[in-house]
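There are 4 protein chains.
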Amino acid sequence: MLNFASDYTEGCHPKVLEALVRSNMEQLTGYGTDAYTESAKEKIRDFIGCPEAEIFFLTGGTQTNQTVIDTTLRMYEGVVSAQSGHVNCHEAGAIEYTGHKVMTLPSHEGKMDAGELDSMVQGFYADSDHDHMVFPGMVYISHPTEYGTLYTKSELKAISEVCKKWNLPLFLDGARLGYGLTSKTTDVTVKDIAGLTDVFYIGGTKVGALCGEAIVYPGGNAPRQMVTLIKQHGALLAKGRLNGVQFDALFTDGLYTEIAGNAIERAEELKKVFTDRGYRFFIDSPTNQQFIIMPKKTLSVLDAAGVIYSTWEPYDKDNMVVRFCTSWATTKEQIEALAKILV
Amino acid sequence: MLNFASDYTEGCHPKVLEALVRSNMEQLTGYGTDAYTESAKEKIRDFIGCPEAEIFFLTGGTQTNQTVIDTTLRMYEGVVSAQSGHVNCHEAGAIEYTGHKVMTLPSHEGKMDAGELDSMVQGFYADSDHDHMVFPGMVYISHPTEYGTLYTKSELKAISEVCKKWNLPLFLDGARLGYGLTSKTTDVTVKDIAGLTDVFYIGGTKVGALCGEAIVYPGGNAPRQMVTLIKQHGALLAKGRLNGVQFDALFTDGLYTEIAGNAIERAEELKKVFTDRGYRFFIDSPTNQQFIIMPKKTLSVLDAAGVIYSTWEPYDKDNMVVRFCTSWATTKEQIEALAKILV
Amino acid sequence: MLNFASDYTEGCHPKVLEALVRSNMEQLTGYGTDAYTESAKEKIRDFIGCPEAEIFFLTGGTQTNQTVIDTTLRMYEGVVSAQSGHVNCHEAGAIEYTGHKVMTLPSHEGKMDAGELDSMVQGFYADSDHDHMVFPGMVYISHPTEYGTLYTKSELKAISEVCKKWNLPLFLDGARLGYGLTSKTTDVTVKDIAGLTDVFYIGGTKVGALCGEAIVYPGGNAPRQMVTLIKQHGALLAKGRLNGVQFDALFTDGLYTEIAGNAIERAEELKKVFTDRGYRFFIDSPTNQQFIIMPKKTLSVLDAAGVIYSTWEPYDKDNMVVRFCTSWATTKEQIEALAKILV
Amino acid sequence: MLNFASDYTEGCHPKVLEALVRSNMEQLTGYGTDAYTESAKEKIRDFIGCPEAEIFFLTGGTQTNQTVIDTTLRMYEGVVSAQSGHVNCHEAGAIEYTGHKVMTLPSHEGKMDAGELDSMVQGFYADSDHDHMVFPGMVYISHPTEYGTLYTKSELKAISEVCKKWNLPLFLDGARLGYGLTSKTTDVTVKDIAGLTDVFYIGGTKVGALCGEAIVYPGGNAPRQMVTLIKQHGALLAKGRLNGVQFDALFTDGLYTEIAGNAIERAEELKKVFTDRGYRFFIDSPTNQQFIIMPKKTLSVLDAAGVIYSTWEPYDKDNMVVRFCTSWATTKEQIEALAKILV
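Line by line, the protein sequences give chains A, B, C and D. Going by our numbering, the first residue of the first sequence is number 31, and it counts up by one from there. Going by our numbering, the first residue of the second sequence is number 31, and it counts up by one from there. Going by our numbering, the first residue of the third sequence is number 31, and it counts up by one from there. Going by our numbering, the first residue of the fourth sequence is number 31, and it counts up by one from there.
Hints in this document: simulated from the structure, not taken from any laboratory. Hints may contain errors.
A pair counts as met if it fits within one copy or between any two copies, since identical chains are not told apart.
[Unchecked claim] Taking lysine-lysine pairs in the DSBU-like style, the calculated list, with each CA pair at most 35 angstroms apart, reads:
id, residue 1, residue 2
1, Lys187, Lys301
2, Lys362, Lys326
3, Lys362, Lys45
4, Lys194, Lys347
Could you build the full structure based on these sequences and the hints that come with them?
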């Protein structure tokens with residue numbers, strides 16, 4: 031069986047598991063006050079080059095988006111997202127559940143355009159009725175996006191400038207951040223992200239951990255009483271060590287970057303396999319998610335061979351868009367096995 | 031160092047860890063659709079004797095209380111709890127955050143009285159203004175309570191009958207359920223609980239897991255679209271296997287009961303240590319949390335010896351109420367070491 | 031001064047005022063339990079031909095939309111609206127504030143298309159990930175729309191059928207319902223609306239009252255404990271008589287229809303004034319709101335003459351879209367005066 | 031028929047009605063931007079002696095409490111109220127609906143004790159677990175209280191000082207403020223209230239208006255974008271003139287004070303009627319609500335004579351606590367007629 035369905039099919043990276051095993055019988059204080067959590071925070075501060083950063087570990091992506099957005103916005107504000115943003119499409123209304131509108135802009139292969147953002151906000155304030163409307167209150171982008179694409183540094187700077195111009199906090203969803211940072215073509219570093227955003231998160235669940243996302247406020251600009259707010263959102267782990275130990279391992283000796291890099295190597299090989307055989311890509315993705323326009327009869331071949339992938343959307347009568355994911359756990363052998371099946 | 035501060039100071043029970051290690055590299059589907067999660071559910075159904083039960087795994091206690099209560103109540107209803115209930119005191123307003131009032135009754139060593147519940151609801155409907163008031167919509171009890179006490183079977187039956195009389199779903203918070211079920215003095219079995227409540231949860235975090243609580247709807251009476259609701263509350267793990275594997279291990283070969291039993295054995299020894307030395311108890315607790323009225327000078331001795339406990343509340347000028355917890359991980363040797371320090 | 035800015039610039043219709051004056055010193059019970067409120071409900075039941083209808087009087091349009099939608103939807107559901115719907119654009123996020131997403135469809139001159147609605151819901155259920163998405167839970171339409179347009183009976187039937195097919199309650203916002211019912215070109219009666227929707231409201235504020243909207247559940251299908259829910263939403267008037275007396279007057283001897291008819295007569299005259307002078311309409315509106323493409327230099331003439339209108343949106347470099355409203359209070363003389371100014 | 035059931039049984043004071051009639055056909059701008067609303071605000075600023083005050087008109091008491099509290103509190107905070115506070119008992123959970131806990135202190139004939147407030151907040155911060163608890167975030171008091179009682183100036187000062195000490199905004203619910211200000215025994219002026227609170231409201235509904243409450247931020251300290259927040263809460267009237275005209279009339283030539291004074295005169299006469307006949311009072315109220323311990327057989331006499339009152343609560347086997355209200359509309363003749371019935 032070859033499973034390319036997603037990047038969260040395995041447990042955690044063996045070194046993360048080892049750290050959990052090693053620390054298991056230590057008695058530690060709860061709610062993220064333990065030494066591993068502190069150490070993890072310190073290592074992340076080094077990684078991003080922000081000694082003042084405030085960091086909080088939550089358990090999953092939707093929870094993180096919900097908690098960050100709800101605690102950043104004022105009551106009368108909404109969050110601006112690309113139409114295709116995870117917060118808009120695939121979080122079961124978790125943002126609206128907290129009382130806030132998701133305000134959408136067109137999606138350009140998953141990305142928001144700085145100019146369109148500027149026009150939207152300008153249009154809002156130019157509207158004489160805007161007191162009766164939802165105020166744009168912050169901006170949400172994902173990097174990599176839901177389509178595996180990446181912002182260039184200049185695109186990110188442009189969005190950041192529009193945000194500063196209109197005084198809108200910029201939040202970057204990094205559920206797959208590792209895969210973005212290690213992409214062959216990116217010119218965006220984590221330090222760029224720390225410098226250009228007001229808050230972002232470093233995803234663990236999809237990059238080597240069993241669970242866990244690290245929210246980072248690069249300037250030490252977390253909301254007041256953030257621990258209380260996390261508790262109120264049902265998002266505070268009693269055994270905070272579970273996140274702390276994992277992130278401590280991920281940020282020891284460059285593990286996070288190394289294992290994300292593996293997914294990128296495999297994704298490049300995967301692209302070559304498809305390209306060599308003449309398959310078309312739905313989107314040109316430089317990260318670990320690859321979207322291929324696949325003839326339905328090829329899908330039958332794959333299904334028969336036990337290859338697992340995600341069905342994305344219909345393309346036309348004869349073709350489907352499907353997603354193949356690599357991860358820290360994908361091996362060269364798996365790619366080669368797939369190549370043989372595809373002939 | 032002797033740490034009796036809480037029952038969540040260690041990681042997970044070695045057999046749970048072993049299961050995580052063993053399954054780690056298997057590729058499994060996400061969001062709780064994997065085979066371990068299914069197996070865990072099946073074992074829990076056996077354990078409670080309810081083949082029709084619907085079961086959902088969440089990550090922590092406050093999250094579980096918040097999600098269960100918010101999805102059970104109608105919009106105009108509140109949840110009735112003892113004044114000392116965790117949902118009323120120590121969840122940072124997580125229930126009110128979802129729009130519902132916590133309506134309180136007196137706490138009798140942590141417990142609610144069935145008669146007082148009946149009077150409250152009767153008084154509510156007798157009030158000609160009750161359309162302008164919050165309707166009592168469900169009842170929340172914890173077992174063991176926040177003070178380590180337990181309902182007797184007849185107390186539980188009485189509450190359940192009042193609930194049925196007024197058509198109020200009964201929800202039992204079992205964050206420490208294992209310690210309640212294995213108490214020396216209890217006459218309440220898990221099958222009693224399944225028969226007398228509408229929904230309850232079996233706590234994992236405090237009884238051997240790294241995280242995880244199993245919500246049980248004994249009659250298959252979960253709210254519609256419960257998975258969507260869990261997602262909306264930010265409580266759906268992508269790697270649902272993390273909970274599934276742990277609960278599968280906990281409910282294999284009676285592990286859950288066995289390790290909870292260890293905590294009870296140690297708690298009985300601990301009680302004897304204190305009783306033999308003439309200490310008074312603040313509450314007569316039959317479970318793993320022991321509340322002792324401790325002279326401040328004894329506390330200094332303990333502090334000097336590196337013994338860790340929880341400070342509960344001031345008792346009088348010279349004494350404090352402190353809490354000592356045992357757990358699945360507490361050893362006979364630790365109790366003996368404490369005994370020596372207390373002389 | 032000629033003021034065509036909106037249909038809520040005056041107080042209330044003289045006969046409504048008379049009823050308030052006449053009843054003012056009567057001592058009546060509060061919260062909508064008085065005899066005038068009962069009488070108003072009975073008259074509305076007659077008007078719509080639904081003897082079983084449940085009726086509730088609220089104070090304003092946004093409050094009504096918020097209360098109806100929040101109490102109709104399940105927690106995991108959103109409301110489907112045309113992009114241009116009032117609930118989506120001009121209610122300051124009042125719907126999202128209650129926890130629900132507004133899900134949008136294209137606006138066709140303010141209207142939703144039944145086919146597009148069907149496709150959207152079909153697409154939702156066809157998506158294998160729909161458990162992670164907001165469920166379409168009800169449909170919101172306005173009649174007249176925000177652009178003054180009206181659904182035909184067959185369009186309304188088509189939407190109603192799609193709603194029935196997918197089990198979605200259909201809610202019609204009738205803030206300006208009177209103007210829709212008395213339009214020269216409509217084939218939709220209030221009885222059609224009562225038969226084809228699950229809930230609608232009859233607007234008072236914009237059709238002759240000082241305040242007040244009548245929510246109608248034609249089949250007696252109001253949510254349980256609706257009075258409590260209205261109170262909880264801050265929408266229950268202590269002196270419910272204020273709404274009751276006004277609606278009683280509006281539905282005595284056909285007043286509501288008569289005064290709405292006046293607005294339509296004046297709107298037809300207004301259209302003629304503009305048409306005769308060669309002005310173009312932005313939208314062909316059969317009700318009391320008229321949207322004209324107006325050269326900026328004409329606007330200067332109007333401004334100088336003290337004519338008041340609403341600026342809608344820029345049309346092109348030289349023209350603006352402006353709105354002229356008539357109401358129950360607009361006179362033939364005012365239209366003639368405008369005609370002289372426009373030459 | 032003699033109706034003492036409440037102070038909102040009539041419409042509005044004749045002079046208020048006159049103002050509505052007089053202004054009815056004027057064309058005015060919507061949403062509280064009209065000249066009457068401006069004039070009313072200016073007159074209230076004079077009345078309270080705060081030229082910088084920001085003032086907003088809402089429609090009813092629960093709506094006002096809900097909007098003020100929700101927009102003042104931070105997300106992790108609750109509002110502290112006496113157990114008997116309207117927000118805690120009779121608003122159908124309108125406060126919790128907005129996500130906030132009502133935290134209660136003992137009620138002393140409806141009043142909160144400054145010392146108990148101080149102890150509660152001190153205890154909160156002294157609790158090492160307070161990060162897991164709801165933070166006290168503001169204080170709610172009513173004046174007159176739900177039992178007709180009044181704070182003395184020194185009591186009010188003491189509460190205000192505790193609030194300042196802990197940085198808690200103080201909110202005074204003045205649904206019946208007029209009756210408090212004109213009480214024979216009070217030493218509290220409206221200027222005292224403006225000086226000692228952060229926000230309060232002047233009730234119109236129960237003191238001469240058809241509807242309407244004036245929220246006052248004495249120091250111009252309203253939340254940002256208050257109009258948008260009011261709209262979002264469904265509380266913004268399109269015809270804001272309805273509130274504006276009424277409050278403008280109420281604050282012209284001392285009408286508000288004059289008509290509240292009438293209620294107090296009548297209440298004093300009412301007290302004498304009961305006292306002379308040997309009835310006992312449940313509470314010694316100096317305002318327009320009188321609570322009498324009434325033998326059930328007397329109630330039969332009153333019922334037979336068509337006297338209407340409110341039943342409050344059972345007192346003992348033979349007696350009920352009942353409420354008699356006077357208002358701006360109560361006449362000397364009505365009191366005399368009651369006196370004759372009671373003999």
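Verification of the hints:
Taking the shortest Cα distances, Lys187 and Lys301 sit within 35 angstroms of each other inside one copy (29 angstroms), while across copies they are farther apart (51 angstroms). Proximity of Lys362 to Lys326 under the C-alpha cut-off of 35 angstroms is restricted to the intra-copy arrangement: shortest distance 26 angstroms within a copy versus 64 angstroms between copies. Proximity of Lys362 and Lys45 under a CA criterion of 35 angstroms is satisfied in both settings, with 20 angstroms inside one chain copy and 33 angstroms between copies. Taking the shortest Cα distances, Lys194 and Lys347 sit within 35 angstroms of each other only across copies (30 angstroms), while inside one copy they are farther apart (46 angstroms).
Checked against the numbered hints given earlier, the structure satisfies every one of them.
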